[in-house]
Amino acid sequence: MRFILKTHYQQDIDVFKHNGQRFWFGLLALLVIVAPLFIDTFYLGELSLVYIYAIAGIGLMLLVGHTGLVSLGHAAFLAIGAYAHAWFIGKGWPLPLSILLAGLLSAAAGAMVGRPTLRMTGIYLAIATLAFAHIVEQIIAHWEPVTGGFRGQLVPDAVFMGFDLSRGIPFYYLCLFVVVLCLLAALNLLRSPTGRSMVAIRDSEISAQSMGIDLARTKTIAFAVSAGFTGVAGALFAHKLGYLAPDAFTMLTSIQLLLMVVVGGLGSMHGVFYGAIFIVVLPQFIAIMRDTLPTAIGQLPGLEPGLFGLILVLFLIFEPLGIYGRWLKVKQFFDEFPLYRKATHKRQKSYLRTERLR
Amino acid sequence: MEVLQILISGVSQGCVYGLIAMGFVLIYKATEMVNFAQGELMMLGAYLAYTFINVLGMSYIPGFIATVISMAIIGVVIERGVLRPMIGEPPFAVLMITIGLGFILRAVAGAIWGTETKTLSNPFTGSVARISDLSVGYENLAIIVGTLTLCVTFYLFFRFTRLGIAMQAASQNQLAAYYVGIPVKRIYSLVWALSASLAAVAGVLVAPVSLLEPVMGFIGIKAFCAAIVGGFGSLPGAILGGLIVGVAEQFANLYLPPGIAATTAYVMLLVMLLVRPQGLFASIQQKKV
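Going down the list, the sequences are from chains A and B.
Take the first sequence: its position 156, counted from the start at 1, is 156 in the numbering used here, and no numbers get skipped.
Take the second sequence: its position 194, counted from the start at 1, is 552 in the numbering used here, and no numbers get skipped.
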């Protein structure tokens, strides 16, 4: 077990808590940088997809895991980012500017939806985002001059300083670069007063308010930042898909994003990456399962969404802290080997009072 | 005359939304949980009715009753298996779990009955009531009458019976309800049974006017919009919200381009949240400190 001797206040908000973390994250960084040398193109593409989902997941984690607000419509922000990016690139704008603008546009849309609905409690926000996502879906399907409607449109190649970054190894590095940038931005946001007030709001709105936090402002910022990250992910997702059509951004996508942060572990950036790996691996796993299982079960339509639902339910009942929470428990078990007590992680229950009188 | 005709079809569509919205409100009123799987419960009810009536060859009324009873049992099973462990967890987790439940139910229905559309045979098909120039299908009349009856019944139930009042108490403060001797857990099971059988009634009434398919539960999302427009947590509000959304949608279909018409319910919801967030029949009150 490691005891950290704190000799400076700055240590409380360090991104890396101790040298052990520096070593392991350094090793991980080295591994993902040299990865293209060892793994073949297909798995490299899947790894890029993990990074793209992770960017969207960082955004959603800030909202759901750190601010405690639920969005059922994040696919809309993914779509806004993707279509905006395709449009800007098509107009011949430089790649970094286009990705940035896609993110900003999504953030603006997020602030626009968030501002009026954030006065509401949980379910109202959830359902408002769901409604927003449906409206965006319809706009995409019917605004043909810009989006290509139901037929969809080709995404132009991402060319930067003469290099084509839209597929293969260059695309992998592009995704890696953006995900690291986003992760650092999110971690730094969480160390800042804004990030801390977000966490305070999650833990108790009333106590946050009595400490002088402007609830509406902080929530709007959280929503906009979350939408912004998801928009950036959308820009990269557009290149990954290659062809944009409205059916790539449905309610199922929103739920998938939500599943990612829940399964990964709410309230931790580690969880985002575990979740991203999980939702990229699961469809592959199902594809393999389909071949080995008897056809009656293997060829069922709707097997994938059904399994997504089942896993969501099982995680919420048995391990609400997700994969990362389970990892922490296992680690603690070995840290305190003979002395581990199960009750350490007993779940806090809070019995409901009506939301209608508040 | 055309306007009146559209009005009537809007009212009948609105009653469907209202029926499902009532299911939401019932569970919300009694357990303070939001059940996103209500649309899927309706879908399951419609399929069960199809099984009893078309496949097993029961006649309409016994098939209807069998459906309602088996859905009540399914409701209790869902509550015991999935939602009972979630008592005391944050509302967000409960919301997510019902979403997951919806996905599971849809997959199960797809696995049992297949994804191709089916029609439920019923005694109303084809017969039309004529009032001067207006013509109203009996299946639409059945929906309107059924909804109104159920609405009044549930209103009286919550207002006057011991059980109804106990349900409201359990919702307002779980612990306090325990202290005064209300069996909160049993009440939760009961509410789910009620709500699932309500969904079954909705399913059976809707089946003649729409086709049976696993994705028919998506209508639940529009019903949700209706519930919020009417004021979440209020039974008359649910029906009124349903009627408003249904009628507005029919008129939008006629006068607006198709893409915009499809978003009517959602636009109405967002406007409502902007203008009057507590809905038409407010059941949310600010507590004065």
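By construction, these hints were calculated from the structure, which means they are not laboratory data.
There could be a bad hint or two in this list.
Simulated restraints on C-beta separations [what the hints assert, rightly or not]:
1) B:I364 <-> A:V199: 24 to 34 Å
2) A:I206 <-> B:I445: 52 to 62 Å
3) B:T475 <-> A:E46: 32 to 42 Å
4) B:L506 <-> A:S192: 31 to 41 Å
5) B:F518 <-> A:S192: 47 to 57 Å
6) A:G26 <-> B:V435: 37 to 47 Å
Far from chain B by the CB rule (all over 12 Å, computed), these chain A residues [said to hold, decoys possible]:
7) D14
8) V64
9) L72
Under the rule of at most 27 Å between Cα atoms (straight-line distance), these lysine-lysine pairs were calculated in the DSSO-like manner [said to hold, decoys possible]:
10) A:K346 <-> A:K329
11) A:K349 <-> A:K331
12) A:K329 <-> A:K17
13) A:K346 <-> B:K476
14) A:K346 <-> A:K331
15) B:K543 <-> A:K349
Note that the structure is a prediction, hence the values are computed from the model and not measured.
Backbone N, C-alpha and C define an ideal beta-carbon position, used for all residues, glycine too.
How the hints compare with the structure:
The beta-carbon spacing between I364 of chain B and V199 of chain A, approximately 51 Å, falls outside the hinted interval of 24 to 34 Å. About 23 Å separates the C-beta atoms of I206 of chain A and I445 of chain B, a value inconsistent with the hinted range of 52 to 62 Å. Here the CB-CB span from T475 of chain B to E46 of chain A is close to 36 Å, well matched to the stated 32 to 42 Å. A hinted range of 31 to 41 Å for the beta carbons of L506 of chain B and S192 of chain A is inconsistent with their spacing of about 56 Å.
At roughly 55 Å, the beta carbons of F518 of chain B and S192 of chain A sit within the given window of 47 to 57 Å. Between G26 of chain A and V435 of chain B, the C-beta spacing of about 52 Å breaks the proposed range 37 to 47 Å. The Cβ of D14 of chain A sits about 30 Å from the closest Cβ of chain B, beyond the 12 Å cut-off, so the non-interface label holds. At roughly 8 Å from the closest C-beta of chain B, the C-beta of V64 of chain A falls inside 12 Å, breaking its exclusion from the interface.
Distance to chain B contradicts L72 of chain A as a non-interface residue, since its nearest Cβ pair spans about 8 Å, not more than 12 Å. Using a Cα cut-off of 27 Å, the hinted pair K346 of chain A and K329 of chain A holds, with the two alpha carbons roughly 11 Å apart. Restraint check for K349 of chain A and K331 of chain A: the C-alpha separation of about 24 Å stays at or below 27 Å, so the hint holds. This hinted pair checks out: K329 of chain A and K17 of chain A have alpha carbons roughly 19 Å apart, not beyond 27 Å.
With a C-alpha separation of about 48 Å, the suggested pair K346 of chain A and K476 of chain B falls outside the 27 Å cut-off, and the hint is violated. Restraint check: the Cα-Cα separation between K346 of chain A and K331 of chain A comes to about 16 Å, which is no more than 27 Å; the hinted pair holds. The suggested pairing of K543 of chain B with K349 of chain A holds, with an alpha-carbon distance near 15 Å, which does not exceed 27 Å.
The structure shown violates the earlier hints numbered 1, 2, 4, 6, 8, 9, 13.
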